[in-house]
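Start from the sequences, fold in the hints, and give me the full structure.
If you want the building blocks of each chain, they are given just below.
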Amino acid sequence: MTKDFVHQTIKKFNSDSYRLLDMLLDIQQEYGYISKDNISVLAGELNQSEADIGQTITFYHFLRSKPQGKYSIYLNNSIVSKMMGMDKIARQFEKESGIKFGEVTKDGQISLHYTSCIGMSDQEPAAIINEKIFTNLTTFRVKEIVLAMRQGKPVESMYCTNFGGGKNSSPLVESVVRNNIRRSGPLLQLNYVPGQVLQNKVSLMSPDEVISEIKDSHLRGRGGAGFPTGLKWQFCRRAKGARKFIFCNADEGEPGTFKDRVLLTEKPEMVFEGMTVAAYAVGAKEGILYLRYEYKYLETYLKQVLQDLHGKNLLGENISGISGFDFDIRIQYGAGAYICGEESSLIESAEGKRGEPRPRPPFPVEKGYLGYPTIVNNVETLCSTVTILQNGANWYRELGTDESTGTKVLSISGDCLYPGIYELEWGFSINDILEMSGAESTQAVQVGGPSGALVPPSQFNRILCYSDLATGGSLIIFNQTRDLLRDVVMNFTEFFVEESCGSCVPCRNIPALLKKKLEKIQAGDGVREDLKEIEEWSNIMQINRCGLGHTAANPVITSLKNFRKLYEALIQKDVNFDSGIDLSAAVAESCEFVDRIPQL
Amino acid sequence: MSRPIIATTSLAGCFGCHMSFLDIDERILDLIELVEFNKSPIDDIKTFTKDCDIGLIEGGCCNTENIHILKEFRKKCKILISFGECAIMGGLPALRNDISVKECLAEAYLDGISTVNKEEILPNDEELPMILNKVYPCHEVVKMDYHLPGCPPRADLIWDVLHALILGTDVELPYEVVKYD
Ligand SMILES: Cc1cc2nc3c(=O)[nH]c(=O)nc-3n(C[C@H](O)[C@H](O)[C@H](O)COP(=O)(O)O)c2cc1C
Ligand code: SF4
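Chains as they are written, first to last, in the working numbering: chain A, 1 to 600; chain B, 1 to 181.
Hints in this document: simulated from the structure, not taken from any laboratory. All clues stand as given, with none of them false.
Listed below are the simulated DSS-like cross-link pairs for lysine-lysine, each with C-alpha atoms no more than 30 angstroms apart in a straight line:
(1) B/102 with A/520
(2) B/143 with A/515
(3) A/520 with B/143
(4) A/303 with A/11
(5) A/516 with B/71
(6) A/561 with A/520
Only some residues are given here: those of chain B computed to face chain A with a beta carbon under 7 angstroms:
(7) 101
(8) 124
(9) 130
(10) 132
(11) 140
Even for Gly, the Cβ is constructed at its ideal location relative to N, Cα and C.
Next comes the structure, spelled out in structure tokens:
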């Protein structure tokens, strides 16, 4: 019986091993985990080794090769969640369920897991329970939820508030997630009418005209790297390939970022229209929305939107009456891995493999998905292209600064009164943002998530734009009560230890070593030499293959640069060397085992 | 100037690095013209009889005696060199670092398939060094001045480095000599 489902799943995806990730997610959905037997069946049918299948499974947080609970609780352990009291929530879950994180209750009902940022930093602490999102958890809520689980109630019945605003309340979503849109601009405006750009603008333009309009707007990628969008499209248009692909990068894994979540909730038609415009511009027929698994609660809704767009001839064949322009979009889920937001790793992952970045060149625009020319653009970038074509490049260039045109959707979280989404023109200062969001006695702001910089008050007059403080959109605010080294730098460093894909030696090891150094310094065993070594070792990170490795030492490096006093206060001034080894602790276990009293 | 004094030791190593040292062959005759040996397996001097200039350390630290000797070397030697993979990174002995020391001892003295120990005697004599929870590379225990990579470092590298240190000249370290993969 078991095997039937697996065989059917394999058939559903045409025995195409490039769809392995989809098969694994379906199998896990059915059985709660992926058993050894099922791995054998997959290996046999897909003509791969069991180790090949196994290495894909172990790469992703959400894929399990052991049974998990009927209710599986994934508690977010990202920085903001911790700031908002995650530890208490975690202890309460352990107390109520009688197990530790990483375990399953004996009756197989409940399992507890930690997971990296789930894109809810404006409503933490938050958890995912069987794909449903629970936000603003309190210890009281935990008691209620676990009790309901003991009674075998459906997860949906465990909500205790109305559904969130906007489309979160739509019958197709029914989620308690809130949008928290505090300021909206052209992307989040209410007067967007799906399809207008395709029907009234694009249908009258040649692909080259579309590309030159985007180039004229000076739009740069909103996913973090800031590559000029028009140029990317031009490269892909020129690249030769029997097929071409448009990927929308909705992996949104940078801790503290949640703007793509809100765009996908409120403006999915705009995201898909952006993909369709890109397809027209480069000559692609196939589109893939790579959606992080954390946002699976939007699945039914997004599928319905795609279907509606088909109904309106905004997807499918001869779109908007443009003869010969065919394009369709499918959703590809990730399975929990921050690195899969990196474009080449995203493509690897969409091909059913471990999400390890590819060496470049060749770039995806030449050789991407299945080896064909591929565009990967962020959700927000694609939305921006729609507003540009709607209103013209000249209008767009009026927004923002000379070299950073347009608006940026910021995700603001941490110690402020109004965490949420702020769509602002480029060019506001950190001070402006603190004032806007109601932040007081701010000690530091993390701009651009863990891979960005920890900015001190002396630099709060710096400007958000590509030439000063570039950001994918995450701003996390820390007030004076926070211990920056313990709460912030340590958490971010642990994040990178967890999320490195492991291909490059420095990226695999140095963050782990930096974590040890931080522990040593926090324990009071640090010496000046440790600070020097931190700086020296961090330089080596530049030889890593991808952006994760290039930036994984940033939390330590930028805090050392901007908050050196915090480190200096902890290190020993009159000692040149300290091993930090506690000998009595180091011999305790062996002495106990052989029954001997340690004598040192 | 009097001849520089060298001391060497093998901690948690296999003596392979010392063997490689001997592979400098007849150059050892030149070496003893240039230097004097103190505590070292090479001349079998067991305890320091004077302060030294250069200490060569093979192997990392897996027990309290290793730590004790290494610290003594640090006190007695002006320049301390981690010599070989085990000294630098822990090497093969450090493969146990991901396994608890209890499991290692149980495997060695109780459960191993080739273990015959009916009385289940465990090594707990006061005279024996105590086993550490993991194997530490030398630079995590004391300050090390130089690292000579290799498993073992090749004889030419050892010779070139010592020669340069003693004569105060530069040493050439071409890529092939320091890359190991
Ligand atoms: C470790 C890492 C994670 C990334 N995560 C994301 C992400 O979640 N979303 C995203 O759009 N871009 C992410 N990027 C950037 C992508 O590689 C790529 O530059 C981007 O999707 C291109 O789209 P854009 O030009 O529209 O910004 C990430 C890059 C790295 C190195
Ligand atoms: S830098 Fe890190 S994440 Fe990137 S490819 Fe190398 S090991 Fe993987």
